[in-house]
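Trainee: The chain contents come next:
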Amino acid sequence: MKRFLYELGESWKIAAAQMRSNLTRSTLTALGVIIGIIAVTLMGTAVNGISIGFDKSMAVLGDDVLYVTQWPWKPVDDWWNYRDRKKIKTEYAETLNRMIAATPNSNLVVAVPTSNFMRSIKYGGNQVNNVFVLGTTSDFIITSTIDCTAGRFFNELESRDGANVVVIGYDVADALFPSENPIDKSVLINGQLFKVIGVNTRQGTFLGLFSWDSMVAMPLGAFNKYFSAKSESDVRVKVKDKTRLADAKDELIGLMRRVRGLPPEKKDDFSINEQQAFKSTLDPVKNSIAIAGLFITGLSLFVGAIGIMNITFVSVKERTKEIGTRKALGARRRTILLQFLIESTALCLLGGFIGLVLAFLMCFLIGKAAPSFPIHFSLGLVMASVIVSAMTGLVSGFAPAWSASRLDPVAALRYE
Amino acid sequence: METRNSIRPPGPVVIDIENITKEYVMGEEVVRALRGVSLQIRRNEYLAIMGPSGSGKSTLMNMLGCLDTPSAGRYEFNGKNVAEMDDDELAAVRNREIGFVFQTFNLLPRSTSLRNVELPLIYAGINPDRRVERAAQVLADVGLGDRIHHKPNELSGGQRQRVAIARALVNGPSIILADEPTGNLDSKTGEEIMELFENLYQHGNTIILVTHERDIAAHARRTVHLRDGLIEMDHVGFIAELDMPLAR
Ligand SMILES: Nc1ncnc2c1ncn2[C@@H]1O[C@H](COP(=O)(O)OP(=O)(O)OP(=O)(O)O)[C@@H](O)[C@H]1O
Ligand SMILES: [Mg+2]
Chain G
15 MKRFLYELGE SWKIAAAQMR SNLTRSTLTA LGVIIGIIAV TLMGTAVNGI
65 SIGFDKSMAV LGDDVLYVTQ WPWKPVDDWW NYRDRKKIKT EYAETLNRMI
115 AATPNSNLVV AVPTSNFMRS IKYGGNQVNN VFVLGTTSDF IITSTIDCTA
165 GRFFNELESR DGANVVVIGY DVADALFPSE NPIDKSVLIN GQLFKVIGVN
215 TRQGTFLGLF SWDSMVAMPL GAFNKYFSAK SESDVRVKVK DKTRLADAKD
265 ELIGLMRRVR GLPPEKKDDF SINEQQAFKS TLDPVKNSIA IAGLFITGLS
315 LFVGAIGIMN ITFVSVKERT KEIGTRKALG ARRRTILLQF LIESTALCLL
365 GGFIGLVLAF LMCFLIGKAA PSFPIHFSLG LVMASVIVSA MTGLVSGFAP
415 AWSASRLDPV AALRYE
Chain A
635 METRNSIRPP GPVVIDIENI TKEYVMGEEV VRALRGVSLQ IRRNEYLAIM
685 GPSGSGKSTL MNMLGCLDTP SAGRYEFNGK NVAEMDDDEL AAVRNREIGF
735 VFQTFNLLPR STSLRNVELP LIYAGINPDR RVERAAQVLA DVGLGDRIHH
785 KPNELSGGQR QRVAIARALV NGPSIILADE PTGNLDSKTG EEIMELFENL
835 YQHGNTIILV THERDIAAHA RRTVHLRDGL IEMDHVGFIA ELDMPLAR
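Chains as they are written, first to last, in our numbering: chain G, 15 to 430; chain A, 635 to 882.
Wrong hints could be hidden among the right ones.
Counterexamples of contact, computed for chain G against chain A with all Cβ distances above 10 Å [as the list claims (entries may be wrong)]:
#: 1; residue: Tyr-20
#: 2; residue: Glu-24
#: 3; residue: Ser-35
#: 4; residue: Ser-65
#: 5; residue: Arg-99
#: 6; residue: Leu-202
#: 7; residue: Lys-209
#: 8; residue: Ser-242
#: 9; residue: Arg-258
#: 10; residue: Asp-283
#: 11; residue: Ile-305
#: 12; residue: Gly-344
#: 13; residue: Phe-367
#: 14; residue: Phe-374
Below, in silico cross-link-like pairs of lysine-lysine (DSS-like), each with a Cα-Cα straight-line distance of 30 Å or less [said to hold, decoys possible]:
#: 15; chain 1: G; residue 1: Lys-16; chain 2: A; residue 2: Lys-714
#: 16; chain 1: G; residue 1: Lys-27; chain 2: A; residue 2: Lys-822
#: 17; chain 1: A; residue 1: Lys-822; chain 2: G; residue 2: Lys-335
#: 18; chain 1: G; residue 1: Lys-263; chain 2: G; residue 2: Lys-252
#: 19; chain 1: A; residue 1: Lys-785; chain 2: G; residue 2: Lys-16
#: 20; chain 1: G; residue 1: Lys-239; chain 2: G; residue 2: Lys-209
#: 21; chain 1: G; residue 1: Lys-101; chain 2: G; residue 2: Lys-263
#: 22; chain 1: G; residue 1: Lys-382; chain 2: A; residue 2: Lys-822
#: 23; chain 1: G; residue 1: Lys-103; chain 2: G; residue 2: Lys-293
#: 24; chain 1: G; residue 1: Lys-280; chain 2: G; residue 2: Lys-244
#: 25; chain 1: G; residue 1: Lys-263; chain 2: G; residue 2: Lys-293
#: 26; chain 1: G; residue 1: Lys-281; chain 2: G; residue 2: Lys-256
#: 27; chain 1: A; residue 1: Lys-822; chain 2: A; residue 2: Lys-785
#: 28; chain 1: G; residue 1: Lys-252; chain 2: G; residue 2: Lys-293
#: 29; chain 1: G; residue 1: Lys-100; chain 2: G; residue 2: Lys-263
#: 30; chain 1: G; residue 1: Lys-103; chain 2: G; residue 2: Lys-252
#: 31; chain 1: A; residue 1: Lys-785; chain 2: G; residue 2: Lys-331
#: 32; chain 1: G; residue 1: Lys-100; chain 2: G; residue 2: Lys-88
#: 33; chain 1: G; residue 1: Lys-209; chain 2: G; residue 2: Lys-254
#: 34; chain 1: G; residue 1: Lys-27; chain 2: A; residue 2: Lys-785
#: 35; chain 1: G; residue 1: Lys-101; chain 2: G; residue 2: Lys-293
The hints are simulated quantities; they were obtained by calculation from the structure and are not laboratory data. These numbers come from a predicted model, not from an experiment. Think of the CB as a built atom: it goes at the ideal place given N, C-alpha and C, for glycine as much as any other residue.
I would like the entire structure built from these sequences, with the hints used as guidance.
Mentor: This is the structure:
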C-alpha cells in the first residue's frame, strides 16, 4: 500500500515533469480537452437552466391543484369531440364549493374560478401590450404560490364587491413604473382605471412558458363587468392531500357531472387536468434536449480524448528505452501502467480545470449580456466536469499505458 | 585490508544455471543465441564475460538479470527457480537483488542524479526521507557527493556512469551486472570506473561484467569466454595468468 502511494507520487512527478518538458505538445493536446470541457460544461449549464426554469414554470401550476377545463392539457387527435363541449363557467366554482362543504371528508379544499383575457395596460406614457389579465377570487392565493414584493393580494371584501383593484406582475410593474412605487397608483386597462394594490415577486420566465411576471390579477366581479365577452374561463380546485390526487380527481369528476347534470350513460364533457399531465408531455422534450445537447458536445470531448490517446501512444513510443530501464530497476507492470495513466489523466485534469474556469467566465459573461438566457452553473456541474475529465484521461490513456506495461524489457532496452 | 590483487574467498552460490538455451525465431530462420550454457557464480566473485560480437554475451547477461527467460534449461537465483516466478516476483528480484549498469548509462535525462538513484528505492517502497538519505549516501560513496542535484546532461560520461553505478548499488543487491560499462568511455575514464568496481569488489560485492577488452577483463578474478552461444573457457583467476592469447 505504502509502495503504491510512493509510486503514485512518483508518477505525478513524472507526469508534471513530462508536461513541462513538452510544453507546446501538452498545451496543444490539452486544448482539445479544454474545448471539449467548455462545450460540455456550457451545455450542462444550459440544460440545468432549462430544467430549473421548467420546474419554476411548473410550480406556477401547483402540484396539488386540479384544473377543470374544456380542453385537455395534452395533444388530442379528435379535436372535434372537444370543440362542441360547453364552456366552463366561473359560476361552477360557487356550486362546487357548496358541494364540497356538504361532503363529509371531502378530498377537495376549495374551488376557484379564473377568467383571462389579453389586454394592454397603461400608466402615464408607459404601455405594456398583451398582458395576461386574470379575473379570480381572493381564494386564488390558496391555490397558487404567489408572493408579493410590495403590497398584497386583494381580500375577500374586494373580491365580493368586484372592486377596481389589481395585483400586477413583476415585469409589468417594471415596465409601467420604472422609477416609481406602483402601490396605490391607478393603471388603465380597457379604458377603466384600476388601483394597484400589490406587485408579485419576480418569478423568471422560461422559453415563453407562462409566468406570473407578465400578468395582472383582479377580482372576478370587476373582470366580468368589463371583459366578460370572449374571455376564457376555468375552475381550479385545491386538493387536501396531494398523495391522494387520484381520489380527489374521481371526487371532482363526480361533482362536475352533477354540476353539468350528466346522466350516467353520457361521457364527461369537461377535462380535469393536473400539473403532472403537463409535465409528462413536456419532460420527454426536456430530456431529449438534454441528451441531444450533451451528446453533440460530448463528441468534441471525444475528439479531445482521441488527442490524449494519440499523444500518450507517442509518449510510450518515445520512451520505450526508459520503460525498459525502469523495468530493469524493478518497476512492475502495474507501476508502468499507473505512470502512463497518471500522465494522461493529469493532462486531462489540467485541460478540464482550464476548461471549467473558461466556461465559468463565459457563463458569467452570458449571464451579464443576456440575463434571460437559461444557464445555471452549479457545484454538481463542477464536480461532474472534473470527474468527466479524469475519466476521459483514464479511458484514453488506458490502451497506450497497457501496451507500455506489456513491453518486453529486453526489447524495450534494445529499442533505439 | 586486502591488497588490490587479492582474490577474496567466494561465498555461497548466488547464480546457478544449467544447460540454458535461448533461441530467437525470425521467420524461417532460428537464431540460437545460447546453446547450452552452464555456470555457477558465488557471492563476492568478480567475473568477466568475454567473447566475440554476437557470441551471446548480452543475451546471457539479460538471462542472469531476470530480464529475459531461457528457451530451455534451469536457472536458480539464490536457490529459487526463476522459471517459477511470475512477472511481479521477477520485478522484485531485479529491484532488490540485481543492480544493472548499462553501456549507455540509461539515466532518466530530466531527473537529477539524486532522483535517478532514488528510483529503485521508490520501487522498493522505501519512505521519502530514507530514500533521499540513502541515495545521497551512495552517490557520495561513488565520489559524486557534490553532484547530487545535477542532471545527466550536466555531467561527464564517467560521472554519468558513476550515477548509474550508484543506482545499481542503492538497494544493496546480491549481484551487479554491467554490460560493457566502459564501452562509451575513453580509456582513462574507463580505468576510473574499473577502479570503482575494484573497490566495490573489495567491499564484498559480486560483480559480473561483459566486455570484449582484455584490459578491462584483466580486473576480474574469473573470466568466462563465450563463442557461438557456448562457453569456450571458464578460467578462475586473473586473465593475466593465462598466456594463451585469446582469439577475438
Ligand atoms: N531480439 C532478438 N531477435 C533476434 N535475434 C537476436 C535478438 N537478440 C539477440 N539476437 C541474436 O543473438 C545473438 C547474440 O546476441 P547478443 O546481443 O547476446 O550478442 P553479444 O555477444 O552481446 O554481442 P556484442 O558484443 O555485439 O554486444 C546474435 O546473433 C543476435 O543477432
Ligand atoms: Mg552485447
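Trainee: Failing hints, ascending?
Mentor: Structure breaks hints 1, 2, 3, 12, 16, 22, 33.
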